[in-house]
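Protein chains in written order, with my numbering: chain A, 1 to 482; chain B, 483 to 1094; chain C, 1095 to 1259; chain D, 1260 to 1360.
Treat the hints as calculated values from the structure; they're not laboratory data.
Backbone N, C-alpha and C define an ideal beta-carbon position, used for all residues, glycine too.
Errors might be hidden in some of the hints.
[As the list claims (entries may be wrong)] SDA-like, lysine to any residue: derived pairs with alpha carbons at most 20 angstroms apart:
no. : chain 1 : residue 1 : chain 2 : residue 2
1   : B       : K853      : B       : H929
2   : B       : K1004     : B       : S992
3   : B       : K646      : A       : E430
4   : B       : K651      : A       : R353
5   : B       : K853      : B       : E930
6   : D       : K1348     : C       : M1253
7   : D       : K1348     : C       : E1182
8   : D       : K1348     : C       : M1169
9   : B       : K1004     : B       : T989
10  : B       : K646      : B       : R601
11  : B       : K651      : B       : V1019
12  : B       : K1004     : B       : A1017
13  : B       : K646      : B       : G841
14  : B       : K651      : A       : S289
15  : B       : K646      : A       : R433
16  : B       : K1004     : B       : D844
17  : B       : K853      : B       : T921
18  : B       : K646      : B       : D786
19  : B       : K651      : B       : G1015
20  : B       : K646      : A       : I351
21  : B       : K1004     : B       : D1016
22  : B       : K651      : B       : D786
23  : B       : K651      : A       : I351
24  : B       : K1004     : B       : D786
25  : B       : K1004     : B       : R785
26  : B       : K646      : A       : R353
27  : B       : K651      : B       : G1025
28  : D       : K1348     : C       : L1165
29  : B       : K651      : A       : V410
30  : B       : K853      : B       : Q843
31  : B       : K651      : B       : V1024
32  : B       : K651      : B       : G1011
33  : D       : K1348     : C       : F1166
34  : B       : K646      : B       : Q843
[To be verified] Just the calculated beta-carbon pair ranges, DEER-fashion:
no. : chain 1 : residue 1 : chain 2 : residue 2 : range
35  : A       : A264      : C       : A1233     : 51 to 59 angstroms
36  : A       : W400      : B       : A863      : 51 to 59 angstroms
37  : B       : S1076     : A       : R363      : 44 to 52 angstroms
[What the hints assert, rightly or not] Calculated Cβ distances over 12 angstroms to all of chain A for the following chain B residues:
no. : residue
38  : T921
39  : G954
40  : A972
The lines below spell out each chain.
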Amino acid sequence: MFAVELLILVPLVGAALCVGVGRLSARASRLASLGATIASAGVLAFLAAEGIFSGVALEGWRVARDTVPFWDLRIDGLSAPLLALTALTGLVAVLASWGEHNRSSVHHALLLGLQASVTGVFLAADVVLLYVFWEAVLIPMYFLIGIWGHENRRHAAMKFFIYTFAGSAFMLVGILMAVFGIGQTDISMLVSGRTALAQPSLVFWLIAIGMLVKLPAFPVHTWLPDAHVEAPTAGSILLAGVLLKMGGYGLLRLALPISPGSFAHAGIVFAVLGIVGIIYGAALALVQSDLKRLVALSSVSHMGFVLLAISAGTERGIAGAMLVMVSHGLVAPLLFLLVGQLYVRTHTREISRFAGLGVVTPRWGSALTFGALASLGLPGLSGFPGEFLSVIEAFGAWSWPMIPAMIGVVIAAAYNLRAVREVVHGPPAEEWRALRDLDAGDLVPVMLLVAAIVVLGVCPAIVLNMSGDAFATLAELIAGGV
Amino acid sequence: MVLAYGWSVVALPLAIALLVGLVGRFLGRGIAYVSALAPAWVLFYGIVACFEVLSAAEKGGVLARGAAVWLPAAGDGGMAVGWAVDGLTGLMLVVVGMVALLVMVFSSGYMAGERGLPRYFATLSLFTASMSLLVLADGFLGLFIGWELVGACSYLLIGFWFTKPAAAKAAVKAFLTTRVGDIGLLLALALLWREVGDLSYAAVFGMASALPGAVLTSVSLLLLFGAVGKSAQFPLHIWLPDAMEGPTPVSALIHAATMVAAGVFLIVRIWPLYSLSATAAMVTLAIGGFTAIAAACAAAAQRDIKKVLAYSTISQLGFMFAALGAGAWEAALFHLVTHAMFKALLFLGSGSVIHGCGGVQDVYEMGGLFKRMPITGATWAVGALALAGVPPLAGFFSKDEILHGVWGVQPLWAAVLFGASLLTAFYVARTTRLAFFGTYRGAGHPHEGGPEMQLPLLVLAVGAAIFGVTGGVIAALIGGHHGDLDPGIALASAGIAIVGLLSGWFTAASASDPGPSTSTGKLIIIARGGWGGDALVNAMLVGPVTRASALLDVFVEGSLINRIAEGTGPAARRLGRGFTSLQSGDAQWYAIMSGAGAVALLALVAYLGRGF
Amino acid sequence: MSVESAVFTVLGIVAVAGGLATVFAADVSRMAIGLGAFLLAVAGFFVYWGATFLGVAQLFVYVGGVLVLMLFAIMLVHRTPDGSPRLETRHDVSAVAVAGGLFVMVVTALSGVVPDTVDHGLVTGTTELAEALLGPMLAHFEMAGVLLLVALVVVVVIMRGGDER
Amino acid sequence: MSLLVIAVGLFCIGLYGVLTRRDLVAILASIEVMLGSATLLLVGLAVAGRTVQGSEGMVEGVGLMVIVLAAAEAAVGLALVISVSRRFKTTRIDEIVKVRG
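Hey, can you work out the whole structure from these sequences and the hints?
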């Protein structure tokens, strides 16, 4: 089905178009990139109408072309929600960088390139293709941080690059071992032929390390705050929205299915890393003075829930991990978007310099309050279903020792509400009396995300229905052991 | 058949919240009346449900129910959120609908001219929806969702005047403290899910007697922990006095009548499960009894009229917990209903006073208000006497039932509760005399509010006066047992009320604060601060967590993890060249690195490919 | 030692010596001579294997074109008054390791599948070459033409841009 | 000395030059060595391993392509070197980097 390939091609063509018309006018290139993101969302909607999201099995829909080596695409229950998330986040990122004036055509082209390569990661049914897209993601992100970032952008870009590159080097070794050991590059063939592996645990951990760096899990998370703080708003949106999801996706797509037997010892490691990450990220977020760093560290905490949920190894646990990922892919971009909009107006992110913005900029203040409530996992908003499932399932799997994670839940409320109290509440600071509130253009991406957060919170079944029995199949695989 | 549309009790307020929030600006003063449609429907639905239950042949059954799969799963049916209507639900809907309706009407006068009214009424409507969901849920999941949402609404409403730092702080404190309790609830859910595999009440109660004792005790204690947080019982009581920073009508609705009573409701709701654990009952009784007397002492020491009521609420909720601990769950629910009436009345009365005095809340700056605000004064008097437990007002009957219940189980704790009753009457009389009698000591011109503020007071005064006769009805609604008045207890409690009232009345003769000079004065100041609960929590929890976080940030993240990551050590300097050489743009170094990578890769392929 | 292997050995020695001079010479002119020797030796290999046309093309394009171009470039950019400047080289253990490692890896990897020496010659005339170029390799041939054109345009653009600055 | 050792050895010598030379012209010359050695290996292997009749022309054709490619690369590379030297007054990459910051 050609439409599946369009998901990758449309943003790429859009990127080329963007650079092409960028010479004529910056406005034209903005419109081109917006058109491309809307078009790819349209392609996805078309695929949805074709029934691609209505619960497909692990095999899903496949498109392979013999003329291009390793070209093998697939949409299934694991990738469908993340593809939808990518389409939405890509659109938001383009809208968020509408006011970018510094080489805007290249900026938009890179955003589209990033969207294409992330989409490729989620679509790839062949491990070689997946790896190619995986590495391709780094390039536009590197330049987005390195060129359009803030003061320490080069250092942050390099740190981001080296960390994720080193992580993917481990992953590459793992993939090569699997490919040579089994003699296949097709992921589903790797899974079905996994018994041929001599050292499945080694393969598992090599791949998992790459994923844990990407996720990121404690203690290899340190690239994330730097990258987020220095990245431009659109970069942060895509980084938090979809790049981090590649880690969780990789665990569920590659590491666990290829070596489900390793889960017996990996589960406890994931649980510990997850719990430590939840508390650690939250505790650090509590004492940050930089608003963007606070949001970045909250990502570490949320990704801890992903690990904790996976560590349960049950259908609901994996579903919870997916829900946390999708929810975080909506909430974190919202918060980064708001922080970015604030930064554009004030050129600072120092929490202590703000106060009472709820009076000066009521729309922005309401949106931040909403984002904070969503981030702390309020029921009715997207954060709750995933966290709920991960707590319930982790308790089922690990019993009382998982209680420390609950401390993280309380601290999550503390740092989110602290941010709201110090920035939005209180008497308005004199310095920002004349601050401009969000205008209609600013509100479009905000409202998109807000609507998605509410819809997903009220009806998480949307995501779960897309996934069909994919989680159950994975859970069976894990339960099977080998 | 109205009852089949139970979901509308949640959906309609939700829709109205959305409507008011989006287009409230264009509604003008009508906003309050549009919003009032939501609780009106809740009230109507609740009344219909109550009548249906009472006319049904079999009491305690479920009249209507519905459910939707919320988290589908391929393995089994998934997790459902559902609603079910029975007598308890109907009764709670009546209480919620009635108080919310009156509060919205009252707000239209009290909040007139405030900025942000759409936000205010939208949040109130959202609260009505969430509270309805909480009581309407047919299982723990729906309850938990409503439970968290009422907390969030409480946060938003306490922080309504968010430019006041105290209000902003109080809002966060309220949310965080209750969230600590919510952990207990969440863990209880997790435990039940593991043991039962289903979170609906019916399934859990069906399995309850088959569960191991340790599980029962754990679940009950965890649920109790959640209830303690929500109902502001010791040691999680510290948020409620601060929550008085919110608008007074909000205090009446959320922090007196409905949300804080959710903890009591929770335990009544799950009585078939809860009654199985003797340990939990003992703990509940101890917490309730201790909270009742400690908070009553604190209430007696307050100067701020709203804080008197806040501590009084904590104390009265303590009575209910004590009743639950003693097994007198009907009495607890009965007191919940009467308390909702008279405490909402007192809060709205205090709101009328604050409104009339131009924002003054200190009782030492009031006095003589009875003459200037006769309707407020008269209704306040009814509420105050009901709270003090003077027959034949509502509070007397419900409190009597509690005392009776506790006396039969633990006479010692009953004695404590008698003491608390004495203190209750004491602070009621003291506050009433300071505020309403004597001469006016303030600087303003106290005046009565408009009819929209007087009407709710009158309605609630009637409720506070006559709800004492509903004991039998309530017991019938929930299929419980309603005992007759015990003459001995009734006599003792009435006598204690009189004694307390008199002593309070005479204490208040001197309308001045003793100050910290005397030892009594020092004690009063400690009691006024809630017996140092804040300091304790700050020292035990807030301080250590913040300090530990700061230490983590500086030492673990800054010195350990980042130092390893950036490689400042001599051994890592070589690697550091890779990081920092971007500034020097050493392309050849990158080339060497990639070359090394290629060699390593070739070596690996060669190694792996040996077998082929 | 047969004549064939003697020629092979001589050409190999010349090529390696030229390569080493290109990489290690500190003097610009010596480097250029080394590169010339290397390119000539490669052309010699081609002729020796019977690919005469290829050898001649190598001679013309490289020795006649690229090498002369390079000498021009050296003269353009190294206009120092005191003769040829020293070409600095930062010798590096890691570079040795990478280059040596790659050598070992590739040689061991390919040693089994590659015939050790080329003992028989290629007998192709220009006719076969022309038939191949215009037959099965037509697309490649055209693409090479386009590539050269693009390179030409790029060079012009780069040099003009340089003038503006 | 076998063809393989000579060709791969020359390639690695060129690589070493690319990695260690500080002058852009010298780096370019080293790249030429790498390309030349690759052509050498390509043609040599084609000649040695020729089995299909009628493919003689193809061998030379492919070699020709590589030569064309290398020539184009040399032209563009040298143009860049000259442009860079005009702008920075040097062709040493460490100095260029210093000027650039």
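Okay, the hints, checked on the actual structure:
1. K853/B - H929/B: 10 angstroms, holds
2. K1004/B - S992/B: Roughly 18 angstroms between the alpha carbons, so the hint for K1004/B and S992/B holds.
3. K646/B - E430/A: 15 angstroms, holds
4. K651/B - R353/A: 18 angstroms, holds
5. K853/B - E930/B: 10 angstroms, holds
6. K1348/D - M1253/C: Holds: K1348/D and M1253/C sit about 15 angstroms apart, inside 20 angstroms.
7. K1348/D - E1182/C: 16 angstroms, holds
8. K1348/D - M1169/C: 14 angstroms, holds
9. K1004/B - T989/B: 17 angstroms, holds
10. K646/B - R601/B: Roughly 17 angstroms between the alpha carbons, so the hint for K646/B and R601/B holds.
11. K651/B - V1019/B: 15 angstroms, holds
12. K1004/B - A1017/B: 16 angstroms, holds
13. K646/B - G841/B: 14 angstroms, holds
14. K651/B - S289/A: 18 angstroms, holds
15. K646/B - R433/A: Cα-Cα ~17 angstroms, so holds.
16. K1004/B - D844/B: 19 angstroms, holds
17. K853/B - T921/B: 10 angstroms, holds
18. K646/B - D786/B: With Cα atoms ~17 angstroms apart, K646/B and D786/B stay inside 20 angstroms; holds.
19. K651/B - G1015/B: Distance ~16 angstroms between K651/B and G1015/B Cα, so the pair holds.
20. K646/B - I351/A: 18 angstroms, holds
21. K1004/B - D1016/B: 17 angstroms, holds
22. K651/B - D786/B: Measuring from Cα to Cα gives roughly 18 angstroms; hence the hint holds.
23. K651/B - I351/A: 16 angstroms, holds
24. K1004/B - D786/B: With Cα atoms ~17 angstroms apart, K1004/B and D786/B stay inside 20 angstroms; holds.
25. K1004/B - R785/B: Given pair K1004/B, R785/B holds - Cα atoms ~14 angstroms apart, limit 20 angstroms.
26. K646/B - R353/A: Given pair K646/B, R353/A holds - Cα atoms ~17 angstroms apart, limit 20 angstroms.
27. K651/B - G1025/B: 16 angstroms, holds
28. K1348/D - L1165/C: 18 angstroms, holds
29. K651/B - V410/A: Holds: K651/B and V410/A sit about 16 angstroms apart, inside 20 angstroms.
30. K853/B - Q843/B: 18 angstroms, holds
31. K651/B - V1024/B: This hinted pair holds, its Cα atoms lying about 13 angstroms apart.
32. K651/B - G1011/B: Since the Cα atoms of K651/B and G1011/B sit roughly 16 angstroms apart, the hinted pair holds (cutoff 20 angstroms).
33. K1348/D - F1166/C: Distance ~17 angstroms between K1348/D and F1166/C Cα, so the pair holds.
34. K646/B - Q843/B: Distance ~16 angstroms between K646/B and Q843/B Cα, so the pair holds.
35. A264/A - A1233/C: 51 to 59 angstroms: Since A264/A and A1233/C have Cβ atoms about 55 angstroms apart, the given range 51 to 59 angstroms holds.
36. W400/A - A863/B: 51 to 59 angstroms: 52 angstroms, holds
37. S1076/B - R363/A: 44 to 52 angstroms: 49 angstroms, holds
38. T921: About 36 angstroms separates T921/B from the closest Cβ of chain A, which puts it past 12 angstroms; holds.
39. G954: 37 angstroms, holds
40. A972: 44 angstroms, holds
Checked against the numbered hints given earlier, this structure breaks none of them.
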